[in-house]
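Enquirer: Residue numbers 40 to 414, in our numbering, belong to the letters of the sequence shown in order.
Take these hints with a grain of salt, some might be off.
[Unchecked claim] EDC-like, lysine to aspartate or glutamate: derived pairs with alpha carbons at most 20 Å apart: (1) Lys-381 x Glu-114; (2) Lys-122 x Asp-146; (3) Lys-138 x Glu-170; (4) Lys-153 x Asp-181.
[What the hints assert, rightly or not] Label-pair restraints from in silico Cβ distances: (5) Ser-96 x Arg-283: 44 to 52 Å; (6) Ala-228 x Thr-48: 20 to 28 Å; (7) Pro-279 x Pro-127: 29 to 37 Å.
Since the hints were derived computationally from the structure, they do not count as laboratory data. Backbone N, C-alpha and C define an ideal beta-carbon position, used for all residues, glycine too.
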Amino acid sequence: MTGKERILTLLKGQKPDRIPLGFYTVDCDTVSAVLGRKTFVRDKIAQQLALWQGRRSEIVESLRKDTIDFYHKIELCDIITHKDSILPPKNQQWPKAEKIDETTWKDQLGRIYKVSHAGNELVCARDPDTEKPYRPENFPEDIDPATFDQTCFDAFGDVIDEFSDSRFVLAPGYLYAMTLLGGMEKGLAEYIANPELVKAAAKNYLAHDNAMSKKIFRPGFSGVLLGEDYGTTRAPIISPQMFREFCLPIIKARCQNVRQYVDYIFLHCCGNTLPLVDMFIEAGINCLQSLQPQAGMEIGNLREKYAGRMIFWGGISAEILLTGSTADVRKNVKQACQKARKGGIILGPSHSIAHGTPYDNFIAMLDEFEKNCGY
């Protein structure tokens, strides 16, 4: 079976020739180690600096070649997402940025960026735009038809063409159901203080995303990957009752829109979302990804409760991959394979293969999976 056939078989409620394997995304140090060369793939600091310096074409060539070469080398991986190789539009204007110190940059719009070594990225620590007051009239429901700039696919388009017959390629879906105006703290307060504002913003974002769909979806996609985080490690960020009121209608409407173009909808969602899973199914989600065992999202229990209604993607602890020994990784992968043999599971890390993951642990994961992936 091809990777594409393997995932389709699982989605239809059957067992393929082996347990499927998928990565949400793989960070630059692992990709570089596999290829034996430096790469822009998931090197978020290097990408941002290059964009500020007008070197987008270098990023395109690296993402195009390195993503294709990486997945040819990692033949065990059955799924390819857009996360490794999608880009900002070619004509996007980047304000000049100056380096303040070794970990800080400031651009001409007053935005402050700080280095996050854990995520290997430049995080916007201050954005003057988020400090302005929002009003419902800022978010009209009737918007001009949006256009998706096809240059965002300058690299990913070649990845789609290369793997659409052999791998299950997921389109970018875009989803903003949990609107957080002005950031997490301020945005959550708005749910209580200004609920109609929150709903107006969410409907505006939905209209924009739905208008883009005609430009996003193209031949070669097997499904779509929506992504939004609704949980902490202990519980959902907002109560299930509030989630049903504010978020579920948006997710349902987004799923109805994208299902015009693809048959299968995947959702990447971190944290403990156990109280929300029934609503994900109600909305039309086929597969839930980013199952964090440390947050109570254990694949065996999820599979037993929701077999036949949803499939699950995860089961290998990203934390163990990052900080454990190779023996710890092998034990974790073997245990995950035992649970996945019952069906309904795509095995994979609980999140990305994060920056700083020891290469020996990555190889141990692949080796142990290959030894134990049979049903």
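Enquirer: Hints first: check each against the structure and report whether it holds.
Expert: These are the hints, each one checked on the structure:
1. Lys-381 x Glu-114: Answer violated: Lys-381 to Glu-114 is near 23 Å, above 20 Å.
2. Lys-122 x Asp-146: Given pair Lys-122, Asp-146 is violated - Cα atoms ~25 Å apart, limit 20 Å.
3. Lys-138 x Glu-170: Outside the cut-off at roughly 23 Å; violated.
4. Lys-153 x Asp-181: violated, 37 Å
5. Ser-96 x Arg-283: 44 to 52 Å: The hint (44 to 52 Å, Cβ to Cβ) holds, given that Ser-96 and Arg-283 are roughly 46 Å apart.
6. Ala-228 x Thr-48: 20 to 28 Å: Because 46 Å falls outside the window, the suggested range is violated.
7. Pro-279 x Pro-127: 29 to 37 Å: About 36 Å separates the Cβ atoms of Pro-279 and Pro-127, which means 29 to 37 Å holds.
When each numbered hint is compared with the structure, violations occur for hints 1, 2, 3, 4, 6.
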